[in-house]
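Engineer: Sequence:
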Amino acid sequence: MSTGRPKDGDSQLALAEQRTGLPPRPPSTASTAIVEYEKPVFKEEEEDLEIKLRRIIENVPVRVNNTSGSSAGSGSGDFHQYRQMRRKEQDRLARMDVDYQKRKELAEFNMRKEERLKAAEDRTAKKRLKRQKKKQRKKEKKMKPSAEGEENKKEESSDDEGDSENDEAAAQ
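Using numbering that gives the first Met the number 0, read the sequence shown as starting at 0 and increasing by one per residue.
Source of the hints: derived by calculation from the structure; they are not laboratory data. Any given hint might turn out to be false.
Unchecked claim - Result set (DMTMM-like, lysine to aspartate or glutamate): computed pairs, CA atoms no more than 20 Å apart in a straight line:
hint: 1; residue 1: Lys125; residue 2: Glu113
hint: 2; residue 1: Lys125; residue 2: Glu114
hint: 3; residue 1: Lys87; residue 2: Asp77
hint: 4; residue 1: Lys137; residue 2: Asp121
hint: 5; residue 1: Lys87; residue 2: Asp98
hint: 6; residue 1: Lys126; residue 2: Glu114
hint: 7; residue 1: Lys117; residue 2: Glu107
hint: 8; residue 1: Lys129; residue 2: Glu113
hint: 9; residue 1: Lys132; residue 2: Glu114
hint: 10; residue 1: Lys133; residue 2: Asp121
hint: 11; residue 1: Lys103; residue 2: Glu114
hint: 12; residue 1: Lys101; residue 2: Glu120
hint: 13; residue 1: Lys138; residue 2: Asp121
hint: 14; residue 1: Lys129; residue 2: Glu139
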């Protein structure tokens with residue numbers, strides 16, 4: 000019958016390596032292993048994916064909550080653990096839905112806001128153009144009577160020969 004302990008001649012030493020989620024490194028010295036480790040050759044795209052995968056593995060924590068025991072059957076506390084895990088998952092899904100709705104409403108609001116601002120800018124530009132046209136017509140009206148008044152004065156003071164030139168200018 001075995002006690003689970005090695006016999007005096009069966010002792011072995013094993014080095015514990017730090018686990019970082021990376022594939023094993025090749026041995027630094029020549030080994031007597033039957034199969035030697037060879038670094039896989041990646042294409043550039045595959046290498047980028049491998050780097051990303053390693054970064055994800057290193058940065059994402061692995062959590063295992065409320066694992067069941069290895070014994071067969073369920074104990075009296077398993078139902079309560081199940082209800083707690085289910086409630087936590089339902090809460091998480093509800094938070095995700097609320098977050099999605101908030102983002103969706105915010106995006107719709109921003110879209111409507113942009114449309115309103117554009118419409119307001121269009122109206123403002125149209126009114127501005129209308130005001131400028133009105134102002135230009137007013138200036139032209141103001142300039143016409145003063146120009147006609149000056150022409151009339153010139154007509155009165157000038158001879159008959161000059162009248163024909165002023166009449167042509169006024170007609171234009």
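Engineer: Now tell me if each hint is right for this structure.
Structural biologist: Structure-based check of each hint:
This hinted pair checks out: Lys125 and Glu113 have alpha carbons roughly 18 Å apart, not beyond 20 Å. A threshold of 20 Å between alpha carbons decides the hint, and for Lys125 with Glu114 the separation of about 16 Å falls inside it, so the pair holds. For the hint linking Lys87 to Asp77, the alpha-carbon distance of about 15 Å falls within 20 Å, and the restraint holds. Between Lys137 and Asp121, the direct Cα distance comes to roughly 24 Å. Violation of the 20 Å bound is thereby established for this hinted pair.
Among the hinted pairs, Lys87 with Asp98 is consistent with the structure: their alpha-carbon atoms are about 16 Å apart, no more than 20 Å. Restraint check for Lys126 and Glu114: the C-alpha separation of about 18 Å stays at or below 20 Å, so the hint holds. As the CA atoms of Lys117 and Glu107 are separated by approximately 15 Å, the hinted pair is consistent with the 20 Å bound. Taking the CA atoms of Lys129 and Glu113, the gap is near 24 Å; set against the 20 Å cutoff, the hint is violated.
Among the hinted pairs, Lys132 with Glu114 is inconsistent with the structure: their alpha-carbon atoms are about 27 Å apart, more than 20 Å. With a CA separation close to 18 Å, the supplied pair Lys133 and Asp121 stays within the 20 Å bound. Simply put, Lys103 and Glu114 have alpha-carbon atoms about 17 Å apart, close enough for the 20 Å limit, and the pair holds. Restraint check: the Cα-Cα separation between Lys101 and Glu120 comes to about 28 Å, which exceeds 20 Å; the hinted pair is violated.
Restraint check for Lys138 and Asp121: not satisfied, since their Cα atoms lie roughly 26 Å apart, outside the 20 Å limit. The straight-line distance between the Cα atoms of Lys129 and Glu139 is roughly 15 Å, inside the 20 Å bound, and the hint therefore holds.
Taken one by one, the earlier hints fail for this structure at numbers 4, 8, 9, 12 and 13, listed in ascending order.
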